[in-house]
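Please work from the sequences and hints to get the whole structure.
Residue numbers (the working numbering), protein chains in the order written: chain R, 1 to 225; chain S, 1 to 298.
Calculated from the structure, these hints are not laboratory results. Since this is a predicted model, take the numbers as computed values, not measurements. Just so you know, even glycine gets a beta-carbon here, dropped at the ideal spot from N, CA and C. You may find that some hints are simply not true.
Calculated lysine-lysine pairs in the DSBU-like style (CA-CA distance at most 30 angstroms, straight line) [as the list claims (entries may be wrong)]:
#1 S:LYS293 <-> R:LYS79
#2 R:LYS45 <-> S:LYS294
#3 R:LYS93 <-> R:LYS45
#4 R:LYS67 <-> S:LYS216
#5 S:LYS5 <-> R:LYS79
#6 S:LYS294 <-> R:LYS156
#7 S:LYS123 <-> R:LYS71
#8 S:LYS216 <-> R:LYS79
#9 S:LYS216 <-> R:LYS93
#10 R:LYS88 <-> S:LYS293
#11 R:LYS88 <-> S:LYS5
#12 R:LYS196 <-> R:LYS71
#13 S:LYS5 <-> R:LYS71
#14 R:LYS67 <-> R:LYS45
#15 S:LYS294 <-> R:LYS93
#16 S:LYS82 <-> R:LYS119
#17 R:LYS67 <-> R:LYS23
What follows is a set of in silico ranges between Cβ atoms, one per label pair, in the way DEER data are often shown [to be verified]:
#18 S:THR197 <-> R:GLY27: 39 to 49 angstroms
#19 S:GLY241 <-> R:GLU72: 50 to 60 angstroms
#20 S:LYS5 <-> R:LYS128: 44 to 54 angstroms
A short, non-exhaustive set of chain R residues, derived as facing chain S with CB atoms under 10 angstroms [said to hold, decoys possible]:
#21 VAL30
#22 ARG52
#23 PHE84
#24 GLU104
#25 GLU136
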Amino acid sequence: MIEIIGLSKQYGNIRALDNLNLKINRGEYVFLVGPSGAGKSTLIKTLICEERPSSGKVIVADRNITKLRPKELPFYRRKVGVVFQDFKLLPQKTVWENVAFALEVCGATAQEIEDRVPKILDLVGMLKRRNNLPNELSGGERQRVGIARALVHNPKILIADEPTGNLDPINAWEIVDLLTRINERGTTLIFATHNKAIVDRLKKRVILMKDGKVVSDQLRGTYTL
Amino acid sequence: MRIMKLGITNFWRNSWLSFAATLIMTLTLIIITIFVILTLVIGRTTDVIRAKMDVSVYFKETATTDQIIDLQRQVANRNDVKEVRYISKDEAIEKCKTQTQCKKVIIFNNPGENPLPRSLDIKPISADNLDQIAQFVGQEEFKPMIDNISYQDNRMMMERIIAFTAFTKEIGWFLSIVFAFISIFVILNTVRLAIFTRRDEIEIMRLVGASDAFIKVPFVVEGTMYGFLATIFAMGLQWVGLLAIGPRIEKYFGVEMLQQLNSFFISYFWMILGLELCVGVLIGVCCSLISVKKYLKV
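As C-alpha cells, then:
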C-alpha cells in the first residue's frame with residue numbers, strides 16, 4: 001500500500017528525515033512514535049504532500065506521490081484522510097457543515113452530501129449534535145467531527161497526527177476506540193502519538209523514529225525509547 | 001455555481017474591506033470617466049464655437065459708404081470667404097433690441113440717437129481661414145475707417161478654451177493614472193488581507209482535497225464584484241453629479257457645453273457603462289489573480 005524508499009528531507013542544516021525506508025501494508029494499524037524532532041511530522045507532511053522530500057520516493061498504490069503534479073494533488077488528498085491534534089474545524093460552521101464542506105469543495109452534488117454526511121456522523125456518534133457549532137462541543141466531540149470529515153471521502157488511508165494530544169484520558173480512549181473500529185473496516189491507519197499507554201495497550205505495529213531515522217519497527221510492539 | 005456563491009459570501013463576510021475596495025474603485029472609475037467625457041466634450045464644443053465664429057468689422061462714423069462697399073467687394077472676392085453681409089446702423093439697432101445686454105445700452109442713450117456702428121459680418125469657408133481674413137481687413141490701408149475688428153476678442157477666447165482643454169487633458173491623465181494605481185494597490189492588499197484572514201479555511205480546503213480552482217476562483221469572483229458594484233455606483237454618482245453641477249456648467253461655460261455634456265452622457269450611456277465595467281472588472285480580476293498567485297500557496 002505505502003512504500004517509502006530512501007526518503008530524506010533537509011531544512012537548511014537540519015536533516016529532518018534521513019534515508020528512511022518503510023513498507024506499510026493495506027489495512028495495517030501502525031503507531032508512529034518518537035521524541036519531539038524525531039521526524040514524525042515531516043514524514044506525515046510528506047505522506048499528505050504538504051512537503052516535497054529532498055530525495056527518495058513515496059509509493060502509494062503504485063504511484064510515486066513525490067512526483068505528483070499540482071493538478072493531481074487534490075485527487076490524491078481525497079484518498080488520504082487526515083486527523084489533526086488541533087482538530088482544524090471551521091468555527092463558524094456547524095458539525096454538519098464542517099463535514100459537508102469537505103464534500104462541497106470536491107464538487108459533490110447536494111444529493112451525495114445528503115446521503116454521505118449523516119452516515120459518517122452516525123459512525124462517529126455525532127449525528128445528534130449535527131447542528132452544534134465546534135465551540136459548543138467537548139474536545140473529544142470535536143475530534144470525532146475531525147475524524148468524520150477525514151472519512152467522508154471514504155479514504156483507503158487515514159493518517160492521525162497526535163489525535164489524542166489535546167484530549168483528557170477518557171476522551172482519548174474513545175477516539176482510540178473509534179480509530180480502531182475504522183481500521184477494522186479495512187482502512188490503513190497511521191497513528192502518530194506520544195501516548196505510551198495507548199501504544200502499549202493496543203499492541204499493534206510500532207515504528208520508533210529518532211533523528212529522522214527508523215530506529216525500531218516491531219510488529220506487536222510497545223512504546224520504548 | 002458553488003464557487004460563485006462562495007465568492008459572493010466572502011465578499012459580504014469581509015464587508016468593510018470589500019466596501020473600501022469598491023469605494024476606491026468607484027472613485028477611480030468616476031475620475032477616469034469624467035476626464036474622458038470632459039476632454040471629448042470640450043473638444044466638440046470648441047469645434048462648435050469655431051464653426052460659429054466669424055469676423056465682424058466695425059466702421060468709424062467717418063467712414064464713407066463707398067469705402068465700405070469697396071472693402072465688402074474686396075473681401076467677397078476672396079476664395080476663403082463664404083459670405084459677407086453689410087449691417088447698417090438701423091439693422092444693428094433692430095438686432096440689438098432682441099438682446100438683453102444690448103437693450104440697456106439703447107435705454108441710456110437719447111431717443112432717436114443710434115450709437116451703434118455700421119459693420120461687415122464676414123463668414124469664412126472654414127474656421128481655419130479666420131486668421132487670414134482678419135489679417136486682410138486689418139491692413140494699414142483700411143485702418144483709418146475701421147473702429148474695431150471683433151475677431152481678436154473671439155480668438156483670445158478660443159485660445160483660452162484650447163489651453164483649458166490641454167490643461168484638463170493633462171490633469172485628467174495624471175489623476176486617472178494616480179487613482180488607478182491607488183485602486184490597484186488597495187485591491188491587491190484587500191485580497192491579500194482576505195487570504196490572510198481566511199488562511200485556516202484555505203488550509204482545510206487544501207487538506208480535504210479542494211481543487212485549485214475551488215480555492216482561487218472565489219477571490220477572482222470577489223475582484224469581479226468590486227468592479228461590477230463600482231461601475232453601478234460610479235454611473236449613479238455621475239448622473240447625480242451631472243444634475244447637480246449642470247447649472248454651474250451652464251453659467252461658466254455656456255449652455256452649449258451643458259447640452260454637449262448631457263447629450264454625450266445620454267447618447268454614449270452604454271459605451272460609458274461598458275468602458276467602466278471593462279476597466280473596473282479588469283482591475284479587480286487582475287489584482288485578485290496577482291494576489292492569489294503571490295500569496296496563496298495551494
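Is LYS5 (chain S) close enough to LYS79 (chain R), meaning Cα to Cα at most 30 angstroms?
-> Holds. LYS5 (chain S) to LYS79 (chain R) sits at ~26 angstroms (cutoff 30 angstroms).
LYS93 (chain R) paired with LYS45 (chain R) [C-alpha distance capped at 30 angstroms] = Measuring from Cα to Cα gives roughly 26 angstroms; hence the hint holds.
Measure nothing beyond the straight line between the CA atoms of LYS67 (chain R) and LYS45 (chain R); if it is 30 angstroms or shorter, mark the hint as holding.
-> holds, 15 angstroms
Is the distance from the Cβ of LYS5 (chain S) to the Cβ of LYS128 (chain R) consistent with 44 to 54 angstroms?
-> violated, 29 angstroms
Range hint compliance [Cβ, GLY241 (chain S) to GLU72 (chain R), 50 to 60 angstroms] = Holds: the Cβ-Cβ distance is about 53 angstroms, inside 50 to 60 angstroms.
Take the C-alpha atoms of LYS5 (chain S) and LYS71 (chain R), compute the straight-line distance between them, and say whether it is at most 30 angstroms.
-> holds, 23 angstroms
Going straight from one Cα to the other, do LYS88 (chain R) and LYS5 (chain S) come out at no more than 30 angstroms?
-> Status holds; Cα separation ~23 angstroms.
Within a Cα-Cα threshold of 30 angstroms, do LYS294 (chain S) and LYS156 (chain R) meet the stated pairing?
-> violated, 34 angstroms
Pair hint outcome, LYS196 (chain R) versus LYS71 (chain R) [Cα-Cα no greater than 30 angstroms] = Cα-Cα ~39 angstroms, so violated.
For the pair supplied as a hint, LYS67 (chain R) and LYS216 (chain S), is the alpha-carbon distance within the 30 angstroms limit?
-> holds, 23 angstroms
Starting from LYS293 (chain S), check that the Cα of LYS79 (chain R) is at most 30 angstroms away, please.
-> At roughly 26 angstroms apart (the allowed maximum being 30 angstroms), LYS79 (chain R) and LYS293 (chain S) satisfy the hint.
Restraint check for LYS82 (chain S) with LYS119 (chain R), where alpha carbons must lie at most 30 angstroms apart | violated, 93 angstroms
Going down the numbered hints, you'll see the structure goes against 6, 7, 12, 16, 20, 21, 22, 25, while the others check out.
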